[in-house]
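Undergrad: Each protein sequence line maps, in turn, to chains A, B and C.
As numbered in the numbering used here, residues 288 to 465 make up the first sequence, in order.
As numbered in the numbering used here, residues 1434 to 1712 make up the second sequence, in order.
As numbered in the numbering used here, residues 228 to 619 make up the third sequence, in order.
Keep in mind that the hints were calculated from the coordinates and are not lab data.
These numbers were taken from a predicted model, which means no experiment stands behind them.
Treat the hints with care, as some may be off.
Once the Cα atoms are required to be at most 25 Å apart in a straight line, the calculated BS3-like pairs of lysine-lysine come out as [claimed, not checked]:
| hint | chain 1 | residue 1 | chain 2 | residue 2 |
| --- | --- | --- | --- | --- |
| 1 | A | LYS439 | C | LYS538 |
| 2 | C | LYS496 | C | LYS484 |
| 3 | B | LYS1706 | C | LYS243 |
| 4 | A | LYS443 | B | LYS1707 |
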Amino acid sequence: MGELKLRIIGAGGHGILLAGNIIGTASILSGRDAVMTIAYSPAQRGGWSRADVIVSDERIDFPIFDNPDVLIATTQETYELEVDNVIQGGIVIYERDLVSPRNVPYIKQVPIPAFETAIKLGFRMSANMVILGFVNEFLKILSHEAMINGIKARVKRRLDVNIKAYEMGVALARGVEP
Amino acid sequence: MSLRVPHSRTDPLKSLLRMERFPHIWCPGCGIGVVVKCFVEAALQSGIPVEKHVVVSGIGCTSRAPGYIKVDGFHVIHGRAIPFAIGLKTARPDLEVTVIAGDGDLLAIGGNHFLHATRRNDDINVILVNNFIYGMTGGQYGPTTLEGALTTTSPYGFVEGAFNVPYLASALGANFVARWTPLHTKELTNTMLEMFKVDGFAIIEVVSPCLIYGELNNMPPLDMMKWLKDNTIIDHNADLSKIDVNFKKPLVLGNFVRRYRPSHQTRLKELVKKVVGGG
Amino acid sequence: MSERVSLLRAEEALLKPGVYFMQGNIAAAEAALVAGCRFFAGYPITPSNEIAEHMSRRLPQVGGYFIQFEDEIASVIAISGAAYAGVKSMTATSGPGFSLMQEGIGMAAMIEAPIVIINVQRGGPSTGLPTLVGQGDVMQAKWGSHGDYEIVAYLPSSVQEMFDLTIQAFNTAWTYRVPVIVLPDQRVGQMIEKLSVPDYNEIPIAGRIAPEEPPEEFLPFNSKYLVPPMAFAGEGYRFHVTSLTHDERGYPSTSHKISTQLVTRLIRKIRDNEKAIGRYESVLTDDANLVVVAYGITARSALKAVKEARKEGLKVGLFRPVTAWPFPYWGLKEAVDRGADIVVVEINMGQMVRVIREHFANIVNIHSMTWAPGDVPRPHDILVKIKEVYEG
């Protein structure tokens, strides 16, 4: 796989940092290197949070990047903030019901009904797990077993529902052309 | 002035004094030496092994006291005796830690530590010698200088107010608050013995004559001692709001406050027990 | 500590050997526990708060104590007190708090109290950029308190080093009776990365050298030693300690002979051991015509720039000081022995470059790449500078 630069951004409470932590944890548990840096909007309450994650087969020299290979955005505001930073040929995965995408040439944009799926499951807070399953199936970052190990290492409450949400994300991605 | 003690008691007291360091640095008529003597007597009578007694001080005339007392002693930077003492006591709860320092050190530069150590109820003893002035640096005004007093930095008279130390300490929640003078050696020694028993923040204010203050304010130490002898009232139940130091009215002394709030260190120990599940 | 839970129990509560995805600040806190730290005193300040928060949760689990003091001054003083009571102790802070601690750091150097201070550097001066990166405290770490003294400062550049160097900081502090500063920048402190915790028996842990003499013969600052054995309060030595200039007995002295003896020893105990304490890393310097000097997060960017330069055929290497103080000039000498130019990259207006000029001016060409606090120079930025110097 080489190196993947992934930027996850969304509103506070969307579980952005947990998603980043799970990808990082799952990566190092499966022998890869990973690093995450975090940023917040200047307003801590009601603002956004951003997790920049690098996953690599080799040791990561520099943990910071400006232009992600893949952007995941869960709100219109954060989508607008970051969409132009994605590299040419990069991918944007956005929350279908909260983001109206605009036409950006040379990038692939994929909607995902993460919140709708999570609400169907009866646990809106698991939208980040739906995204995680979707992204991992879509991009083949790690094996699903490895990612679920990451979830188990990081998620303390309602583990079963979270894993179910992950699996529903995987199923959603199987219906999408990569 | 060297410390003279009656022959009959020379040996036990000397065992807790660093005799090789005498003569001491204090001026004739100063009350700090008497505080040292009372502390040494109290420490010997306390029943606490001498190796468990620790004295800590900051900078100033009073802060030189630990340098003459033969127990583990720490003479640290200006204003910071209290946090150093808290570090010692927290790390080793079996130590009996006493801060001996002056009004400027404890209430001006170290005022914030005094405030919060009292609030937290840290289990330390504080002997605050109040001589109304920064003596060691030559006579500048401080947080207990009396209104109108002449000092080297208030040549036209002091225009601020002074702390009422027992009232302040009581308001902050101290478990033990007392005030004595170097003329009341028996009471002071006994009060120190009481202080050692307190689990929590304990403070004794010692209102002391000072040559520097006296020279600037027409009140030589001998006159001040006479005044203290003739103008003090012992009232353990005094209204602390009315016992500010003022040479126009009698000075009120006593053991004013005794509370039993568990100390910060006791509560930290309980916390550890709770967290580790009975330890 | 007299009422400590059993050591076995404490070890069970330490971070288990294994692999973690962990934040730098938290790795430093866990490392402190492994090193034996059982007292933490601190005051809230961004971006070091995770250390205090983590210690407040973890210390009681290993039988230790946490106090959030009224300010950084009390915090740094309290840990000196705790160290003299025999308990390994630490504080953590950032720029403004580090400034407030300076008098206490000088005191710890003077009374030879082994303490560890983690200063997670943010952008300055003054309140500056509380949440953003800076490397502007390198000089303050060395010269921050008044008078002549020596300290040790480490420059971690990864989460792994936040762990390893914090343990090393405790070992150095207790081996040399000196305040030791761990000096990450905000990026290294707050990034989350892989941490490998080895088996405990692979981690050397240093403690005090205890006095051998009976109390009546004990001199707390015996000048026959470079590092005098340390007695703890309450052990019966009944010793005296003062932050005034003092003789071997710990008594104040104004004698010039005593002052010379004391200050010389305080300096010599670090300078005579600089090669045992100082650490560095050299990458691709063997054949280099140009050596980039960088530390902390900047070294990570520089490493990438150096690799890019190599791809373009430029013979460029990286020298990374792992100790700021003592500065490992002997390692840099080896790296530039062929007459290589030096480019110093740091997130400040030129601090470490001054030390390098002290050692290498008129020997090799020294260039400074300054960078205002708030962000990290990208590999591309450093590569531009490399090419400018290389081809210039």
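Undergrad: It remains to establish, for every hint, whether it holds in the given structure.
TA: Each hint, compared with the structure:
Proximity of A:LYS439 to C:LYS538 is assessed by CA-CA distance (about 41 Å); at most 25 Å being required, the pair is judged violated. Between the alpha carbons of C:LYS496 and C:LYS484 the distance comes to roughly 18 Å, so the proposed pair stays at or under 25 Å and holds. Proposed proximity of B:LYS1706 and C:LYS243 is supported: the alpha carbons are some 22 Å apart, at most 25 Å. The straight-line distance between the Cα atoms of A:LYS443 and B:LYS1707 is roughly 23 Å, inside the 25 Å bound, and the hint therefore holds.
Going through the hint list in order, the structure does not satisfy hint 1, though it satisfies all others.
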